[in-house]
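K.L.:
The listed protein sequences derive, respectively, from chains A and B.
Residue numbers for the first sequence follow numbering that gives the first Met the number 0, beginning at 0 and rising by one.
Residue numbers for the second sequence follow numbering that gives the first Met the number 0, beginning at 0 and rising by one.
It cannot be assumed that every hint is accurate.
[Said to hold, decoys possible] Output of the computed footprint for chain B on chain A, the stretches with three or more beta carbons under 8 Å from beta carbons of chain B:
no. : stretch
1   : 31-39
2   : 52-65
[To be verified] Not close to chain A: a few residues of chain B, all C-beta gaps over 10 Å, as computed:
no. : residue
3   : D20
4   : D201
5   : T246
6   : F277
Calculated from the structure, these hints are not laboratory results.
Using N, Cα and C, we set each Cβ at its ideal position, and we do this for glycine too.
This is what each chain is made of:
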Amino acid sequence: MGRMIEIRWHGRGGQGAKTASLLLAEAAFDTGKYVQGFPEYGPERMGAPITAYNRISDEPITIHSNIYEPDYVIVVDETLVLAVDVTAGLKKDGAIVINSAKDPEEFRPLLRGFEGKIYTIDARKISVEELGRYFPNVPMLGAIAKITKLMDEDAFIKAMEKSFHHKFATKPHVIDGNMRALKRAMQEVKGL
Amino acid sequence: MAIKDKLSGNEAIAVAMRQIDPDVVAAFPITPSTEVPQYFSQFVANGQVHTEFVAVESEHSAMSACIGAEAAGARTMTATSSQGLALMWEMLYIAASLRLPIVMSVINRALSGPINIHNDHSDSMGARDSGWIQLYCENNQEAYDNLIQAIRIAEHKDVQLPVMVCYDGFITSHAVENIELLEDEKVKAFIGEYKPEHYLLDKDNPISMGPLDMPAYYFEHKRAQAEAMKNAKRVILEVAQEFEKLTGRKYGYFEEYKMEDAEVAIVIMNSTAGTAKFVVNELRKQGVKAGLIKMRVFRPFPFEELGKALSHLKAVAIMDKADSFSTAGGPLFTEVRSAMFDYARDTKAVSYIYGLGGRDVRTDEIMTVYQDLLEIVRTGEVKSTFNYLGVRE
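This is chain A alone, in the form it adopts within the complex:
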């Protein structure tokens, strides 16, 4: 049986962590995987911590509970590292990816004894430079695809391009910027 990868997203309401989890599910689907993408709904307020999840597998997935022992944790807002126990249940051989300009090891003391791998990606810098505005999702997706090696890199890039053409059908001028942001993020992840 193929291995099932479980991912937990931490973000703040309005930052698009839920959308990112759905985009990741979409990209993985496009590369032939079985997928789940789902948010954990709470009181929906801008800025409040939110959680979203992905399961990705080569086999059909039947579990419908939340994820308690993820293989990967993605933190879209680095201030959450202090506010939420982001490494709760994270597997020892798993990894955490944080949206930050800092170096990965700067987070080690804040992660409550987590011994696994830490990566950072400066999604803000990439997004602002390539899109002119701060949308962390696409760089985060690029980073997670690079780190997890869940999907063949070229297939992932093609799947994302297809998804952008669909998603941005009414504003095609943003597609190039998003593609550049995606590819840059795959190169600029720190901690590899």
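Following the hints, position chain B against chain A.
P.N.:
Relative to the frame of chain A, chain B by itself:
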């Protein structure tokens, strides 16, 4: 060729409704069902369906409008959740007793209070005696498949009853998963055109609907309603067989998962059945003869079939995502055990109420239920018949 896609449960239901292209949809938004009329109203605005979309001011009005439309002879659909279903209450009984084949998605959510937007089955379980057929769904695929089959079941001339297609709020409604869709023309061919026998706009055969029914005839009408529900048992299987020919996907009254040689099993509904299947697989790896029954059809209730399916077990746990406050187990437990009295009297049965108000149900919790069953088998003793799972006592 099936169309492979990835959709949330609500998206899947909206797509099915687009393919069905009903004459009338009347709906009022309520979380987590809101997306269904929302997505569908986009199809209406885009001219992708010919449906008359009626935006009403409450769920009571939504069901009333559905009743009026269906009585007039229109194929009619709607969707709701929780308090919305509760507000429809008196009209649910009218729809069923007027024998109007309305099809409604119920996106299961806890009833207030305390106020809560998350999943359990207290809304549709409360409507179990309203005369509606009830189909339950594990995932987005089953929601889509059941909605299409529901049209055929509801409109069958021997049935003519409304159908609720129930799936879990958020867990299924808002989760994106893989799904196989049918082509539009295949859905249209499968459901066919709606040709009601009696309807208000049939000017050549004028009828009256909903008049006063005194003691001289009321009972006969209710008896006929019960007979229609009995007919539904046959029709549900006939429609399922045809659907299997079309899709390869098999449906019955319930799904038996690794039941053939099972000694212990749980009976459960909707999304948690999938979580429990994972646990069954784990137990099987350890050599434990564990099985599972997932209910699909709760109304009509498959009394004999289910009773017999449990007869070879040593112990069974019946799990309810709703409490009936009888202090004697949830609604599913009560009915399953009643069937077991005739067909599975040697099987020990215990009740678990779980997951109320969206309390997440983990695999390790389901595992403890199987461990409890194995303990019952080992000792031959039931220490506790009525149990709660995953709650702070």
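K.L.:
Give a verdict on every hint.
P.N.:
Now for the hints, and whether the structure bears them out:
1. 31-39: holds (count 6)
2. 52-65: With 7 residues in contact (Cβ-Cβ under 8 Å with chain B), the coverage given for the stretch 52-65 of chain A holds.
3. D20: holds, 24 Å
4. D201: holds, 45 Å
5. T246: Check passes; 16 Å lies beyond 10 Å.
6. F277: Label violated. Min Cβ-Cβ 5 Å, cutoff 10 Å.
The structure fails to meet hint 6 from the earlier list, while all remaining hints are met.
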